[in-house]
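Construct the complete structure from the given sequences, taking the supplied hints into account.
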Amino acid sequence: MFVSILIIILNILFYFLYKSFNKGDNDYSKEKIRFNKLRLKYIFRYINIGYIIIYLIHLVFILLYVGITNIEYYYIYFILFSLDIVSYIILEYLTKQNKQKFKLIDKKLIDNRISLLVIAIYILFIIEKVTFNYNEVGDSAQKIHNFLLNYHLIIRIICVLIILYSFRYIIDILVKNKDYCNYTYDKEYYLEDIKFYSKIDIKRGVNHLIYIAGYILFFYINIPFIYIFYLLLAIFLIYLIYRKIKKISFESDKLNKTISFTKVQPGIIYAFQFTRDILLLKKMIIFTIMLVFSSIAYYGLGESIFSYTSISIYLILLYTIIKDKVYLIRYLSSLNDRFIDKKKYSINEYKIINYIDTIKIFNITLYKLIIVDTITYESNIILYDPELKVKELNIRINKSNIDDYITIENILYEE
Numbered sequence: 019m020f021v022s023i024l025i026i027i028l029n030i031l032f033y034f035l036y037k038s039f040n041k042g043d044n045d046y047s048k049e050k051i052r053f054n055k056l057r058l059k060y061i062f063r064y065i066n067i068g069y070i071i072i073y074l075i076h077l078v079f080i081l082l083y084v085g086i087t088n089i090e091y092y093y094i095y096f097i098l099f100s101l102d103i104v105s106y107i108i109l110e111y112l113t114k115q116n117k118q119k120f121k122l123i124d125k126k127l128i129d130n131r132i133s134l135l136v137i138a139i140y141i142l143f144i145i146e147k148v149t150f151n152y153n154e155v156g157d158s159a160q161k162i163h164n165f166l167l168n169y170h171l172i173i174r175i176i177c178v179l180i181i182l183y184s185f186r187y188i189i190d191i192l193v194k195n196k197d198y199c200n201y202t203y204d205k206e207y208y209l210e211d212i213k214f215y216s217k218i219d220i221k222r223g224v225n226h227l228i229y230i231a232g233y234i235l236f237f238y239i240n241i242p243f244i245y246i247f248y249l250l251l252a253i254f255l256i257y258l259i260y261r262k263i264k265k266i267s268f269e270s271d272k273l274n275k276t277i278s279f280t281k282v283q284p285g286i287i288y289a290f291q292f293t294r295d296i297l298l299l300k301k302m303i304i305f306t307i308m309l310v311f312s313s314i315a316y317y318g319l320g321e322s323i324f325s326y327t328s329i330s331i332y333l334i335l336l337y338t339i340i341k342d343k344v345y346l347i348r349y350l351s352s353l354n355d356r357f358i359d360k361k362k363y364s365i366n367e368y369k370i371i372n373y374i375d376t377i378k379i380f381n382i383t384l385y386k387l388i389i390v391d392t393i394t395y396e397s398n399i400i401l402y403d404p405e406l407k408v409k410e411l412n413i414r415i416n417k418s419n420i421d422d423y424i425t426i427e428n429i430l431y432e433e
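Residue 325 in the numbering used here is what sits at position 307 of the sequence shown, and the numbering runs on without skipping anything.
Keep in mind that the hints were calculated from the coordinates and are not lab data. Bear in mind the structure is a predicted one, so any value in this text is a computation, not a measurement. Just so you know, even glycine gets a beta-carbon here, dropped at the ideal spot from N, CA and C. Errors might be hidden in some of the hints.
[Said to hold, decoys possible] Only pairs whose alpha carbons sit at most 30 angstroms apart, straight line, appear in this in silico DSS-like list of lysine-lysine:
1. 41 x 386
2. 221 x 362
3. 125 x 409
4. 114 x 59
[What the hints assert, rightly or not] Here are the simulated distance ranges between beta carbons:
5. 420 x 240: 53 to 63 angstroms
6. 429 x 362: 14 to 24 angstroms
7. 244 x 204: 32 to 42 angstroms
8. 354 x 74: 53 to 63 angstroms
9. 124 x 27: 26 to 36 angstroms
10. 361 x 74: 48 to 58 angstroms
So this is what it looks like as structure tokens:
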């Protein structure tokens, strides 16, 4: 029942989020907005259709093996489910889009991180059925009791299999970036000036398993009034996020003004640390969402929902940690060409910049340089408006795979 209400709320929020996108000021921005709208629409389509299918399968099982013995309970259940379907149909109608091909954007609509998000939500839908109880059947006969035990066991096994399947996304990103992975810590790759280890330490993967296990077990200890601690911790994290946003926004504004008026460049170390701060903010937000949702799930929905959803959300966080680590390792090459494997990235070209993509989030304004050629090249996050600084960009391209490239951006931060 909780999930039915959640779906209705999500559909309403989705509609307002969908309508909140501003109009773009150039062809790329307009296409990016259309792309993001379509991506958002697909996410909520998968969520709604997934919920409808899972609910109907659950209903069929109950009707076949138990029957309806508490009709009043099912009235409420059916009304909420009907509202879910109606809200989804209205949503589809209000967010209709004309079918147009994307000319400038060649990204996947549903990437691995979004797939992990949708899987986490599916796990919530499925594991909620473990909370199925005698209120729904109105009878505690042994036959029904045995059915419930077997049914709940099957649901838990399905959720475990789905979580194990989700690990393929973690393995996939590690395999794709195996050149950046190390199985033993090597001091050679530690950069003292920026306090950064320029390899993915595979051994730390075991630590993350310990972290999530410890996180779940700490909840299970159920210390009296510990929920007050979780509430205070969530408030403290939200406060830290607010401070971090304020700091980044201030630094961004200061950087733009400094470069505009004094023409003094901040340096590549500053650029790296600033970018790392932005990525840290993203991970802080994901962890805070995880803590809040876990607490609600544990105290409001039960231990089963808490355990499975906590693991699935943590996988999103772990994927983000790895993805951001890869981003920063590659970003080093953009800021300092001594980190570039020049044999691998042997094609060296200068290309005219076609668009400057402006990214506004949390009162922070960032930029990306867009070059449209055989493929669409996209720079890393640029910390200030680069319009007056560069007209073309140096790109190193992998001779074996033109989709793999490094944009050289040190000119934007060095004198």
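Comparing the hints with the structure gives:
1. 41 x 386: Given pair residue 41, residue 386 holds - Cα atoms ~17 angstroms apart, limit 30 angstroms.
2. 221 x 362: Holds, at about 27 angstroms.
3. 125 x 409: Satisfied, since the Cα-Cα distance of roughly 24 angstroms is no more than 30 angstroms.
4. 114 x 59: holds (9 angstroms)
5. 420 x 240: 53 to 63 angstroms: holds (55 angstroms)
6. 429 x 362: 14 to 24 angstroms: Roughly 22 angstroms apart at Cβ, these two residues keep to the hinted range, so it holds.
7. 244 x 204: 32 to 42 angstroms: Distance hint for residue 244, residue 204 holds at roughly 41 angstroms.
8. 354 x 74: 53 to 63 angstroms: holds (56 angstroms)
9. 124 x 27: 26 to 36 angstroms: holds (34 angstroms)
10. 361 x 74: 48 to 58 angstroms: Given a distance of about 56 angstroms, which is inside 48 to 58 angstroms, the answer is holds.
Figure legend: structure checked against the earlier numbered hints; every hint is met.
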